[in-house]
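A.B. asks: Each chain, letter by letter, is given below.
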Amino acid sequence: MNARQALMRLSGRSQSAKPPPRHGALMAGDPVALGPDASHGVMLYLEDVTVSFDGFRALDALTLYVGTGELLCIIGPNGAGKTTMMDVITGKTRPDHGSAWFGQTIDLLGLHEPEIAQAGIGRKFQKPTVFENHTVFENLELALAGDRRVWATLTARLSAAECDRIDEVMHIVGLSAHRDSRAGALSHGQKQWLEIGMLLMQNPRLLLVDEPVAGMTPQEVERTAELLTMLAGEHSVVVVEHDMEFVRSIARRVIVLHQGSVLAEGTMDEVQADPKVVEVYLGE
Amino acid sequence: MTASPTSRSPFAFLVGDRGGAIFLAVLLVVGVVVPVLHLAVPEGSALHLSSYSVTLAGKYMAYALLALAVDLVWGFCGILSLGHAAFFALGGYAMGMYLMRQIGTRGVYGDPVLPDFMVFLNWKALPWFWHGFDMFCFAMLMVLLAPGLLALVFGWFAFRSRVTGVYLSIITQALTYALMLAFFRNDMGFGGNNGFTDFKDLLGFDLHRPGVQVALFVATALALALGYVACRLIVGSRAGRVVTAIRDAESRTRFIGYRVENYKLWVFTFSAVLAGIAGALYVPQVGIINPSEFAPINSIEVVIWVAIGGRGTLYGAIAGAVLVNYLKTTFTTVLPSAWLYFLGALFIVTTLFLPRGFIGILGHRPRRRRAPLAPPAAEPAP
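Going down the list, the protein sequences come from chains A and B.
Under this note's numbering, the final residue of the first sequence carries the number 284; numbering is consecutive throughout.
Under this note's numbering, the final residue of the second sequence carries the number 1382; numbering is consecutive throughout.
Here chain A stands alone, though its shape is the one from the complex:
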């Protein structure tokens, strides 16, 4: 089975697709428990989002959308608001005003970080953090969606389906050969992939990936590009990256952020030809 097929099987969501239990009241028809309703083709919708820190506008009436299954790249100079935007989506930062919708039914601004994670938004931070003393397999096992309570994990046994699921994700991120290796012994790039794999174990619909290729070798960059391109389609993927070559190799749609709002949007060639973008990047 090649990786693409593995992904397609994964996308069937047939195995262990029950949503993880939420703490707190679960009402009938709770949109968070149901997951995002993206039937109209939009997975994430930010409108007029403004965030100020001590008068500095990190995001200034930012409006953008992410389509279902889309691979969107966001570029922009330092301080353009890329990380703040991810913070707003994952609930780490509350905007001053504006709205953020996950699908058509989930208002992200009303949820806390773990609820947003459980609703199906996975975020990979810049610095890879994996459990160094556990094997690759164990890292993925810990990230497996399921009951997270103490007693449940004390008596937990992996079912055959769960084992398969872990092996599939391991296959997708290209770490099958390192199944029983300690995660601490992996290279920097492999740790980044493992972390993406850990996100996948949680069945996210939207992946936010912050600078995935920083510090990678050219081969690793190429492999990461393949991986992210492959994940798009089943998942919506938003990549924030500085490396222009990398963005060019994966992007279908690129958004350039500048001073907290969208400066330009289009294919890589279009945005690179845009005089406003050239001015921001190269100065006057």
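Note that these hints are calculated values from the structure, not bench results.
Each residue gets a CB set at the ideal place from its N, CA and C atoms; glycine is no exception.
Incorrect hints may appear among the rest.
[Stated by the list, open to error] Which stretches of chain B does chain A cover? Using the computed rule of at least three CB atoms under 8 Å from a CB of chain A, they are:
no.	region
1	1232-1238
2	1256-1266
[As the list claims (entries may be wrong)] Negatives, chain B to chain A, calculated, CB over 12 Å:
no.	residue
3	1059
4	1129
5	1219
6	1222
7	1242
8	1326
9	1344
Assemble the complex: chain A is given as a structure, and chain B must be docked to it using the hints.
C.D. replies: Quick look at chain B alone, frame taken from chain A:
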């Protein structure tokens, strides 16, 4: 651990745990040889073990169980508790209260209900918290509950407020120090600075008879073996892997959805109960319990045993406890004043040159857990 063919065997938890298997084998041999040499070999023979040695061995076993408890929280969960002697002492006090009630009219003052120190203090009636301790079952329940509840309440506040690292170590020191001061007071009702002593019998058996001493030794060895197996099963479960993940990357563990404070609280409480059991087995063998057991230095010494033996291996902690205490017994009879210097030097040498402790010298790598053997992903026909 999952569906590997060996998981049906009752000893499946030992697969890949060579150090643990060796430890349990050694413990079995010691548990048989010590009683035989004491009871079957006639006195005067060179091979005869004195009752002093049997008690000493039992004491080491109790210390080893305490070290095991500390290794579980420190070596696997990264909680450096410098207050575990408090849980040990609480278990010991619960056992001591039972033993005091067993003395009955044989005390110096001959009061059928009140222990000697209460008569001495002119108390007329038994304080409310002494009721029930004439029953062995109740006392044993308290051996588990007293340290367990303290750890539960203390841990609930500490872990919920995300107190970690050196701050947690300091408040555990404060905890044991506060308990020491409290137990030193006569009006606490625990015998003040004299504590409890002069025990007569346990479950009707005279504590000074050789057979009873051997039985206590065997019980302690058994508790140590069971404690080891329980800890090994915990660290081998998925919960154990979560706990180790918390040690290595706490915020990441929280981020993938685990309630870190619940895991810490659970491990801490279980460990405190183990320490309490160790204390309860220790007291009838040494024949005394007093507030100096709560001294902050005691808790620090336990951590040193674990570090010297080898942290995060379980059997390393046990080896460390036995080794250091054996050296302590030897040293304090020959050169009492030099002991603390020697202990300090030992600790420094271990920290600098033996990061994995003395167990590391023996070449025991920490157990490489085998991931479950699942069939390799089959290649579907194109």
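A.B. asks: For the region 1256-1266 of chain B, count the residues whose Cβ lies under 8 Å from any Cβ of chain A; is that count three or more?
C.D. replies: holds (count 7)
A.B. asks: Verify this label for me: residue 1129 of chain B is non-interface relative to chain A, using a Cβ-Cβ cutoff of 12 Å.
C.D. replies: holds (31 Å)
A.B. asks: Is it correct that the beta-carbon of residue 1326 of chain B has no partner in chain A closer than or equal to 12 Å?
C.D. replies: Check passes; 31 Å lies beyond 12 Å.
A.B. asks: Does the claim that residue 1222 of chain B lies off the interface hold, with its Cβ farther than 12 Å from every Cβ of chain A?
C.D. replies: holds (23 Å)
A.B. asks: Quick check for students: does the CB of residue 1059 of chain B sit more than 12 Å from each CB in chain A?
C.D. replies: Correct as stated: the minimum Cβ-Cβ distance to chain A is 32 Å, above 12 Å.
A.B. asks: Non-interface claim for residue 1344 of chain B: all C-beta distances to chain A beyond 12 Å?
C.D. replies: At about 30 Å from chain A, residue 1344 of chain B clears the 12 Å cut-off, so the statement holds.
A.B. asks: Examine each Cβ of chain A, and state whether all of them lie more than 12 Å from the Cβ of residue 1219 of chain B.
C.D. replies: Fine: 27 Å to the nearest Cβ keeps residue 1219 of chain B off the interface.
A.B. asks: Holds or violated: the region 1232-1238 of chain B covered by chain A, criterion of 3 or more residues with Cβ-Cβ distance under 8 Å?
C.D. replies: holds (count 3)
A.B. asks: Just want to verify: residue 1242 of chain B was marked as not at the interface with chain A; is every Cβ pair farther apart than 12 Å?
C.D. replies: Incorrect as stated: the minimum Cβ-Cβ distance to chain A is 6 Å, not above 12 Å.
This entry does not satisfy hint 7, going by the numbered hints stated previously; all others are met.
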